[in-house]
Amino acid sequence: MATTQSRRNFLKVSALAGGGMLISFNLLNLPAEAHALEEILFTPNAYIKIAADGSIVLLAPNPEIGQGVKTSLPMIVAEELGVDWKKIKVELAPLDSRMGRQTAGGSGSVRGRFNELRTVGATAREMLTTAAAQSWNVPVTECTVENGEVIHKASGRKLSFAALASAAAKLEVPAKPTLKDPKEFKLIGTRVQDVDAHKIVTGQPLFGIDTRREGMLFAMVSRPPAYGKTLGEVNDAAALKVEGVKKVVKIKNAVAVLATSTWAAKKGRDALVIQWNASEKLENSAEHFATFKTMLDKPTATPHRNDGDVDAAKQGAAKNLDVTYEIPTLSHGQMEPLNFFANVKDGKVELFGPTQVPGAVRSEVSKLLGIAEEHITISSPRQGGGFGRKLMTDNGVEAALISAAAQAPVQVQWTREDDMQNDFYRPAEMWRYRAALSATDLLAWHQSGVGIGRGVRGDSYVAGAIANYRAEGQGLTSNTPTGWWRAPGANTLAFVAESFMDEVCVALKKDPVAFRLELLKKAKEQTVGKINYDPEKYKSVIDLVAKMSKWGTKKPGVFRGFSTWFSFGSYVAQVVDVQMVDGQPKISNVYCAVNCGRVINLSGAENQVQGSIVDGICHAMFPKVTFVNGAVAETNFHTYKFLRMKDVPSDIEVQFVQSDEAPTGLGEPGLPPVAPALANALFAATGKRLRKLPFAEQLA
Amino acid sequence: MPAITLNVNGKTVSVDVDPATPVLWVLRDHLHLVGTKYGCGVAQCGACTIMLDNVAMRSCMLLVSAVAKRAITTIEGLSENGDHPVQKAWLELDVAQCGYCQTGQIMTAAALLKSNPNPTDAQIEASMSGNICRCGTYLRIKEAVKTAAKQN
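Protein sequence lines correspond, in order, to chains A and B. FYI, the numbering for the first sequence is 1 to 700, going by full-length UniProt numbering. FYI, the numbering for the second sequence is 1 to 152, going by full-length UniProt numbering.
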């Protein structure tokens, strides 16, 4: 943890021109000369800037993709610093090696930075307090901090941070700043409006797509229309005749058209005549699933976990369950179609655009263009959704290659169709689940999965709770690309594991909540092998959601499903209520309990969890990607269907388990339990067990 | 190309564009009004919603040549300082997550309340279901529309 390191090594304080203090946080222990005063002045890489005019700027170090970290991370600094939140300004930080992990992914921003950012704020507060105490010649212990001022109560004196900044900057950085007692938190745990809210509702330029620079050209790119096809002959004569089109350049396996407007670039791109050659097999989703089935029928997979003797338990069982689940490929469908600005000029590169991994984009561009990383600047604006799509570097790297080839500053804009056909998809999977049951208990659990790409892996809380458990996974090699999609792994595993748990409960005639609590009690008291979860925290959310939903009471016409899942450090339990309206199931209510440690921004946290639930319902119900001869059949939102307001439950109640522990993940953990809770409610309502996603096409 | 005259946010402007250009791109690339967003290009997501004579319209499939002198209102022209009742309600409810779709949502909601100041839940759902929010902020959006209706 950062606080155990020498402060000298990673916290640097310096004066701003015209008076003021700037604190930068250095996790990588850069050489001391890097922190010379003048250099810091012009490097916007600090977390806190206090200027003589009284303005206080906090920098949010991680990409903002809608998960709220542009608000929640600076809240942590502000809490310790002791400033009036309404008076500070927040900026997104550019990529800077002194800021550590500047990635948006794995629900890691808040949980990874909580302690660091508290220390950053506390350090500044302590130095400002010391500066005040020295100027008044009073003991530091008599001084307190409130709303950006240091106060000496005994004498009634006050000094603003701005007035103290220059003096504070001359002080030694405290070796071990005292963190606030969390009981005194005033900002953390409250409801804070998103820092960009006003800009969002007034339509100000905030996003990558809004980038405009002097001399910039707009580009659209023709990429292979199917996986397995490569670029052949190109005839750009018609494209070059389109008014506004300036250049056509080839890069790798694609052709870019550069023009003076987006529309001209699109017209030019669409006028290209390109021969695409099939150089590899053109794959089909139907074949993927047929191959999955063959793979699951063969007992070839090596288990990644194998407790007890599953085969013996199956033989001695009163009843055996053996079912198969199917999960389709998904696209990310973030609302802002991909784009990126690049300007490669005179051995330097400027990159600006949506990415969850600015560091990886810079590193790849550096290698491909042979330009050292120190000559490449990259930062990302607020982003219109991520969901894992921008953990891939392709959009940024492509823009850099186009700018280099065209020798022009360029804004590359993707169409929705480009996004759908050129994604790194949530891979399709198939799972076979088997259970051996006695008349009253679960004797053995056997899960076997297969997915496109590297293969599937993972366990539920059942691992560790019962004596006989086997889990195995395989991968199917394919030229259709795969990537991370919100709550990777968990979003599919929770569906199959928690749907099957419900099937087990039905077969055993057990209450789904009580039976899970029974298993978790066993996991705690008679742990089999290792467990990667805390049974007590699981219980905390199951108990809370049971209370919230009045589980166990019957409401006429209401059918319920339950599910629980642990991911990214957080525990979530959900109850979904379904009612039949005109013969069709309609979700009326969702209850959700979350244990994610301490909540930073209650408004943002609640919004994330409600949004995850809507996202979960959406992808359980509607969209799927189908590969037909290497091409994606669903080219836009008319066939790749998303949930709309009319499909949203009337209410989604979210409660957080009160916790003093450090925060854990929140951008993803709300999503995995949704699909199984819904499947279990639909089974209760219709008697039909839906083992295949998405559901809507099977309900019609 | 002949210049095309438009009425945008109460001002008369002239643009030199291909008459087949969708209004969306004229606003964004030629008039620098980037609050209107591109999402799908096929009138399925509502991110590009504007008002045409006070009626919500998807600007991504609306050809600039078809607009003539009808009044275009974009998010930038909805209010002077972001204080339209719908915008205020959006702020009060802290609706946005990524924020990308919200200008389109706000324009659809503002048009709805212009024609129907006190919509029922079903009417709100019917009007707003042309707008996708991938982050899933629908419950806050619905609540914000109701809040704005009360302020009207």
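Be careful, since some hints might not be right.
[Claimed, not checked] Examples of chain B residues toward chain A, derived with CB under 8 Å:
hint : residue
1    : Gly39
2    : Cys40
3    : Val42
4    : Cys45
5    : Arg70
6    : Cys98
7    : Cys101
Since the hints were derived computationally from the structure, they do not count as laboratory data. Remember, predicted model here, so these are calculated numbers, not experimental data. Each residue gets a CB set at the ideal place from its N, CA and C atoms; glycine is no exception.
query: Going back to the hint list, which numbers does this structure go against?
result: 5
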